[in-house]
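J.: Respectively, the protein sequence lines represent chains A and B. Note that UniProt numbering has the first sequence beginning at 1, numbered continuously upward. Note that UniProt numbering has the second sequence beginning at 1, numbered continuously upward.
Since the hints were made in silico from the structure, they are not lab data. Among these hints, one or two may not hold up.
Stated by the list, open to error - Across the chosen pairs, the derived CB separations fall in these ranges:
#, chain 1, residue 1, chain 2, residue 2, range
1, B, Ala-178, A, Glu-173, 56 to 62 Å
2, A, Ala-178, B, Arg-139, 39 to 45 Å
3, B, Arg-170, A, Gly-179, 31 to 37 Å
4, B, Ser-228, A, Ser-252, 57 to 63 Å
5, A, Asp-90, B, Ser-66, 41 to 47 Å
6, A, Arg-139, B, Ser-66, 48 to 54 Å
7, B, Ser-241, A, Ser-66, 58 to 64 Å
Said to hold, decoys possible - Short, incomplete list of chain B residues facing chain A, as computed with Cβ under 10 Å:
#, residue
8, Phe-125
9, Ala-146
10, Leu-149
11, Pro-152
12, Trp-158
13, Val-159
14, Arg-223
Backbone N, C-alpha and C define an ideal beta-carbon position, used for all residues, glycine too.
Protein chains: 2
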Amino acid sequence: MRAGNEAPLGVFDSGLGGLTVVRALRAVLPHEDIVYLGDTARVPYGTRGAATVVKYAGACARQLVSHKVKTIVIACNTVSAVAPEQLRIDLDLPVLGVIEPGARAAVAATKTGRVGILATPGTIFSQAYTRAVTTLSTRTEVFGQAAPLLVPLAEEGWVEGEVPRLAVRRYLEPLARAGVDAIVLGCTHYPLFFSIIEEEAHAMMGPEVRVIDSATTVAAETRSFLASRSLLAPPRERAGSMRLFATDVPRSFSEMARRFLGDENIPEAEQIDL
Amino acid sequence: MRAGNEAPLGVFDSGLGGLTVVRALRAVLPHEDIVYLGDTARVPYGTRGAATVVKYAGACARQLVSHKVKTIVIACNTVSAVAPEQLRIDLDLPVLGVIEPGARAAVAATKTGRVGILATPGTIFSQAYTRAVTTLSTRTEVFGQAAPLLVPLAEEGWVEGEVPRLAVRRYLEPLARAGVDAIVLGCTHYPLFFSIIEEEAHAMMGPEVRVIDSATTVAAETRSFLASRSLLAPPRERAGSMRLFATDVPRSFSEMARRFLGDENIPEAEQIDL
């Protein structure tokens, strides 16, 4: 069953980091209604086996389907690495993940054929971006760099000043040595450090290096996809609405949501069981 | 079945952080043979439910029992919070956890009756130290402070310089405001920052403040316990041996093991399934 163009977009993530994708979607699709689900009770997915991740992702996606969404955007790198095909088959609904758009943008941007991925240890270890890039271009080399400090820094709101800058510099060094000229931010938390990463990358590797934010790229692809299927929300006066579901509402919920969404007006989170 | 005093000590943890406890044990019990098991394939336990943690802990403990250990030291805060009683009953073997010794040392050290706990968000949320302290002394107030950056910093070996120092300072600030005069390091990774934490605590709260490393306190209690049961290894010429088991051998294994153990001579890790 495909809902019409007035139906909302569904977005889910293992936690709240995926709100950076919502932020990017709202920037390019201001009239879309969005239903977001964060599986905060079971975050992080990165340490679970693939079968478990597929199961959890199915539960999240079915919850979104119950809100009659027209398309699902997976805002989680771990889920995007293992579950999109299965979800497309099970739900008979368009499902977009974050990895392919990021990989595509990197392949388009690189001139040296050397692409860097900045992500969590789990995503780097899964080689998901490496597979996605080499599927698109066998001549492109991928250099993964785990950046474990950036998630706790983002969750604590420590996104400015000397500490995140020193951390970013440390993680960029191996990529600079590898000679990459495109760097994909392969974790939903990292857009919070976009300016620092871009500044440091330019300082270390020259002004040619491109930093690719996978939230922005998946938002752009979602827009193109909806347009191609005539699924864009009709132009209307009001801005798109937003509903926010979470399987657990942590103590720092609204503060974190505000930070990731870049918006002071956070809707009340509705807690649900999956 | 209790093994004799020549039997080894068994130590387990969800990962490699528990090697800081082994380091502390070797300092006060140089003649003990030690068998260490790190459940590295399932680390971290902190995000699992209590029933799962008890199940995993049982599997780890039974593995140690198969090596005929005389006593088990749980070097994991998450397991120490939920599993010791059950393990003592199931195994009919002495089982020591890290939480009670740390809580006891804090209650003994504080003069203001205000104790700070520095730990992972999971441990703080579990209130395990609060329960342990208030069981010992209802007049002692406990202030928990999550310090999420310290684990990735320790695992990356980033244990010196400006970044860990700024992180430590940030985490100590709320404890300084609360007026604590004893601070328990409630995570196996934190002893790597002991000097920085102590320096910063003295600078912020005065020279009276005591920093309590739960690895050192559990090692001291293990020594007293073995002595009281006549279970100390007999004096002998050779130093105690060490065997190291892990359920997964991560790429950075030997480097991390060396760091946590504070010893260049790491035995080869033996990989086992549980």
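J.: Evaluate each hint against the coordinates.
T.: For each hint, the structure was consulted:
1. For Ala-178(B) and Glu-173(A), the Cβ-Cβ distance of about 38 Å falls outside the hinted range of 56 to 62 Å, so the restraint is violated.
2. In this structure the supplied range 39 to 45 Å is violated for Ala-178(A) paired with Arg-139(B), their Cβ-Cβ distance being about 58 Å.
3. A beta carbon spacing of about 36 Å between Arg-170(B) and Gly-179(A) agrees with the range 31 to 37 Å that was offered as a hint.
4. Taken as a hint, the range 57 to 63 Å is violated for the pair Ser-228(B) and Ser-252(A), whose Cβ atoms sit roughly 44 Å apart.
5. In this structure the hint that Asp-90(A) and Ser-66(B) lie 41 to 47 Å apart at CB holds, the actual value being about 43 Å.
6. Distance hint check: the CB atoms of Arg-139(A) and Ser-66(B) are about 52 Å apart, consistent with the given range 48 to 54 Å.
7. A hinted range of 58 to 64 Å for the beta carbons of Ser-241(B) and Ser-66(A) is consistent with their spacing of about 59 Å.
8. Because the beta carbon of Phe-125(B) sits about 9 Å from the nearest beta carbon in chain A, less than 10 Å, this interface hint is met.
9. Interface restraint check: Ala-146(B) against chain A, minimum CB-CB distance 9 Å, threshold 10 Å, status holds.
10. The interface hint given for Leu-149(B) holds, since its Cβ lies 5 Å from the closest Cβ of chain A, which is under the 10 Å cut-off.
11. At a threshold of 10 Å, the smallest CB-CB gap from Pro-152(B) to chain A is about 4 Å, leaving the interface hint in force.
12. Hint on Trp-158(B) holds. Least Cβ distance to chain A is approximately 8 Å, under the 10 Å limit.
13. Look at Val-159(B): its Cβ only gets to about 13 Å from chain A, farther than 10 Å, so that hint breaks.
14. Below 10 Å, beta-carbon pairs count as interface contacts, and Arg-223(B) has none with chain A, the closest being about 35 Å; its hint is therefore violated.
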